[in-house]
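Colleague: Using the hints provided, position chain B relative to the given structure of chain A.
Top line first, the protein sequences correspond to chains A and B.
So the first sequence is numbered by this note's numbering: it starts at 883 and just counts up by one.
So the second sequence is numbered by this note's numbering: it starts at 12 and just counts up by one.
Take these hints with a grain of salt, some might be off.
Distance condition first, Cα-Cα at most 30 Å in a straight line; then the derived DSSO-like pairs of lysine-lysine [as the list claims (entries may be wrong)]: (1) A:Lys-995 - B:Lys-64; (2) A:Lys-1023 - B:Lys-64; (3) A:Lys-947 - B:Lys-64.
Treat the hints as calculated values from the structure; they're not laboratory data.
Here's the letter readout for the chains.
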Amino acid sequence: MRLLSAFIVGLIFGVGIAISGMINPAKVLNFFDIAGTWDPSLIFVMGGALVTTFIGYRFVLRRDKPAIEERFQLPTARDIDARLVGGSAVFGIGWGIAGFCPGAAVPALGSGKVEVVGFVAALLVGLWAARLVQAKQAGRKAMA
Amino acid sequence: MTGFETEFTPLMSLAGGVLIGASAVLLMFLQGRVMGATGILSGLVTGTAPGDKGWRAAMVAGMIAGPLLVLAVTGQMPAVDVPVSWPMIAVGGFIVGIGVTYGSGCTSGHGVCGNARLSPRSMVATLTFMITCGITVYVIRHVMGG
Chain A
883 MRLLSAFIVG LIFGVGIAIS GMINPAKVLN FFDIAGTWDP SLIFVMGGAL VTTFIGYRFV
943 LRRDKPAIEE RFQLPTARDI DARLVGGSAV FGIGWGIAGF CPGAAVPALG SGKVEVVGFV
1003 AALLVGLWAA RLVQAKQAGR KAMA
Chain B
12 MTGFETEFTP LMSLAGGVLI GASAVLLMFL QGRVMGATGI LSGLVTGTAP GDKGWRAAMV
72 AGMIAGPLLV LAVTGQMPAV DVPVSWPMIA VGGFIVGIGV TYGSGCTSGH GVCGNARLSP
132 RSMVATLTFM ITCGITVYVI RHVMGG
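Excised from the complex, chain A in its bound form:
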């Protein structure tokens, strides 16, 4: 049940990424290239996704618990710190260099393009390396 529902959620997300044009780095980079070959399409992607989620969450979060789990697991962090801003700034630079964000690159694997496989491999290495450093730092803090 959990596996099937996760697959269906992923499928809807993947179809959305695919038909919206988010899946295409040329289109994503053009959204940011206001001074050049600008393509404003992504405003509509973000707008459609945000409004739908905003309205949907109002209804869903009113319930006592989710359908197949015991409780809601919402992010609890509240600090706006250097880690959040610095990490997001670095993410934006990488996004501007390659044209892929994680949520677009995973569905793009379905296109079978070797460049996407390369991007996702590099992304996973980056994720893994950053987690490793974070774990080491946490360990050092715990020792002190």
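Modeller: Below, chain B alone, put in the same frame as chain A:
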């Protein structure tokens, strides 16, 4: 490295955006979680609680099947044009991996779900990565390249 024109697609982009939002709402309804590609991937890469990897793998499989379903229905694979070089793909991917880990999210987690929850953290994160992405594209295309 300058880009080439892409077609303005407001209706398909809006429809796709609504589907992305619908998947986020459905995940919250079913599992009570925010839909963040960063969180789903890092849970797969790093060791998490046992039994936690299965649904993440299933979701990734569903995501990858998305464009294939579009191909099956419309007879056409959605365009994926990568207008950057291999070194940029590798460096960009690695940097994105570092950034989303420290920033605790990306376009889906912060940009869609966090902002829909009116989280100040997500609003700051989204504004930050949109600005640095815009500056990066400007510098690469109009300052360095051409």
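Colleague: Now look at each hint and say whether the structure bears it out.
Modeller: Comparing the hints with the structure gives:
no.: 1; hint: A:Lys-995 - B:Lys-64; in the structure: 26 Å, holds
no.: 2; hint: A:Lys-1023 - B:Lys-64; in the structure: 28 Å, holds
no.: 3; hint: A:Lys-947 - B:Lys-64; in the structure: 22 Å, holds
Hint check: no violations occur; every hint is consistent with the structure.
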